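Using the hints provided, position chain B relative to the given structure of chain A.
Each protein sequence line maps, in turn, to chains A and B. Residue 184 in this note's numbering is what sits at position 184 of the first sequence, and the numbering runs on without skipping anything. Residue 180 in this note's numbering is what sits at position 180 of the second sequence, and the numbering runs on without skipping anything.
Hints in this document: simulated from the structure, not taken from any laboratory. Just so it is clear, the structure is predicted and the values come from calculations on it, not from any experiment. Some hints could be false.
Unchecked claim - Stretch by stretch, here's where chain A covers chain B in the computed footprint (C-beta under 8 Å, at least three residues):
1. 2 to 14
2. 78 to 89
3. 123 to 135
Claimed, not checked - Keeping only pairs whose Cα atoms sit at most 30 Å apart, straight-line, the calculated DSSO-like set for lysine-lysine is:
4. LYS244/A x LYS164/A
5. LYS178/A x LYS244/B
6. LYS210/B x LYS178/A
7. LYS74/B x LYS210/A
8. LYS74/A x LYS210/B
9. LYS74/B x LYS178/A
10. LYS178/B x LYS178/A
11. LYS178/B x LYS74/A
12. LYS244/B x LYS244/A
13. LYS174/A x LYS178/B
Unchecked claim - Examples of chain B residues lying across from chain A (beta carbon under 10 Å, computed):
14. HIS56
15. ALA57
16. ARG58
17. GLY117
18. PHE118
19. TYR119
20. PRO120
21. CYS239
Yeah, the Cβ is synthetic: ideal placement off N, Cα and C, and Gly gets one too.
Protein chains: 2
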Amino acid sequence: MLNYKVHLSYDGTCYSGFQVQQNATTIQGVLQQVLQVLYKREIKVTGAGRTDAGVHAREQVVSFKAPPFIPLAKLPLALNSMLPPDIRVWHAEIVADNFNACRSAREKTYRYTIDTGFYPDVFRRLYTWHYPQEVDFAKLEEAARYLVGTHDFTAFKAAGSKVKNNIRTITDFKLLHKGNFVVMQFTGDGFLYKMVRIMIGTLLEIGQNKKARPEDIEKILQARDRDKAGVTAPPHGLCLWSIKYR
Amino acid sequence: MLNYKVHLSYDGTCYSGFQVQQNATTIQGVLQQVLQVLYKREIKVTGAGRTDAGVHAREQVVSFKAPPFIPLAKLPLALNSMLPPDIRVWHAEIVADNFNACRSAREKTYRYTIDTGFYPDVFRRLYTWHYPQEVDFAKLEEAARYLVGTHDFTAFKAAGSKVKNNIRTITDFKLLHKGNFVVMQFTGDGFLYKMVRIMIGTLLEIGQNKKARPEDIEKILQARDRDKAGVTAPPHGLCLWSIKYR
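Excised from the complex, chain A in its bound form (with noise of 0.2 Å):
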């Protein structure tokens, strides 16, 4: 057997996000479907990061062992020519056995955009929250940098998550302007459950001076009580962009 790495874009819209599931169309569903028809047998695959459903990927990383009977030039074209065509393998290499997509990872970066036009853009409608109302960038902006670095994350996460160390570290905060779309980038060692989607509704708030300040992340931190952050923003907006490896 081999193990294989195989990086790929989806459009998240039409899936119940990544992780497999009963009676749900995701991801990871759609990908272990595939590699059983084409390998004759069950394949399990491991992602770099669960995206939620409606959430997008320009890079999801997943690995799995499979014989090795595909020449590996062939295995993109030959899983996109049965993948459905939101779905697109991009690369694929064999990997040391201990590879793993998920623990191996050691960075993931993900993108927020809003479209602040007064009108959507109809062609980017799926893939931008629509967001006409007035922000103040700069003092967003301010207030993600009290989000970069290693912090406890508990306030950020939402209900429902197993996951019990809520530490995490935040190494790279970007703000982009595209015309009329302002990109949110958050890179760290890892995310928790919603974290992205809230600190992005948190800091949008904070960009309007609704009830907090830019120094209130300190406090909203401190509390380690989801109540204290913002809303969670929509899924459709998010996008799971890039992942680096030891």
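Relative to chain A, chain B alone:
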């Protein structure tokens, strides 16, 4: 009654084109339904360009006559609140009685986008033609120069059109490279049925050294025979980009 000029964008993926049809969902049909509910009377909409099934519009312009009871500034929001999210109105104005979105148009610009990446970009799959074949774009551009000017475009018209005068003037062609995407942009006083898509199909064949050379465009035009031109490019790469009025 006032004469309204309304600008809108749409994602044509789910529509059987602009023009109203029995038993099919069209842009004009949906607009007329919404206007009928809004104004409580039948309202006939005239569009600047009759985009085909699956073709998109960044800027489509429509005109219609309606009573004055909706304030102009509220009209786009009133329409958007009833339109599906893949159609967005973004401007409205009151124009002279003799304005007609189709007849008053002086110039239209269409853009055709191909994705030249070996693997397609999932986020642009609905708006670009995946075309990973090697193309000599200098040769393609040279061929396009022969299309600019006033010509009889019968060879570039699909069957099924009742239009008799096939003479049109193309005032400009532009080729733009944006990463893996190549945009081919035509501006002219008007375009025949599927003319842009047949021109694109023909240019791409020339760019791949199939059948014709750039200078053969002259012969194809002179032949006035659809069979002499190339294939019809698929609709989803095409977008009505802008319209100029007198």
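>> Checking hints one by one. Is PHE118/B an interface residue toward chain A, by the C-beta closer than 10 Å rule?
In response: For PHE118/B, the interface hint holds, since the closest Cβ of chain A sits about 8 Å away, which is under 10 Å.
>> Count the residues of the segment 123 to 135 of chain B whose Cβ falls closer than 8 Å to any Cβ of chain A, and tell me whether that reaches three.
In response: Satisfied; 3 residues make the cut.
> Within 30 Å, alpha carbon to alpha carbon, are LYS74/B and LYS178/A?
Replying inline: Within the cut-off at roughly 28 Å; holds.
> At a threshold of 10 Å, is the proposed contact between HIS56/B and chain A supported by beta-carbon distances?
Replying inline: 7 Å, holds
>> Quick check on PRO120/B please, does its C-beta sit within 10 Å of some C-beta on chain A?
In response: This interface hint holds because 6 Å falls under the 10 Å limit.
> If you draw a straight line from the CA of LYS244/B to the CA of LYS244/A, is it 30 Å or shorter?
Replying inline: 48 Å, violated
> Does TYR119/B pass the interface check with chain A, least Cβ-Cβ distance below 10 Å?
Replying inline: 4 Å, holds
> Within 30 Å, alpha carbon to alpha carbon, are LYS74/B and LYS210/A?
Replying inline: Given pair LYS74/B, LYS210/A holds - Cα atoms ~27 Å apart, limit 30 Å.
> Are ARG58/B and chain A close enough, Cβ to Cβ, to be under 10 Å, as the hint says?
Replying inline: Status holds, d = 8 Å.
> Checking C-beta pairs, does the segment 2 to 14 of chain B have three or more residues closer than 8 Å to chain A?
Replying inline: holds (count 3)
> When the nearest CB of chain A is found for CYS239/B, is that gap smaller than 10 Å?
Replying inline: At 9 Å from the nearest chain A Cβ, CYS239/B passes the 10 Å test, so the hint holds.
> Does the interface hint hold: is ALA57/B within less than 10 Å of chain A, judged Cβ to Cβ?
Replying inline: 9 Å, holds
Comparing the model with each earlier hint shows violations of hints 6, 12; every other hint is respected.
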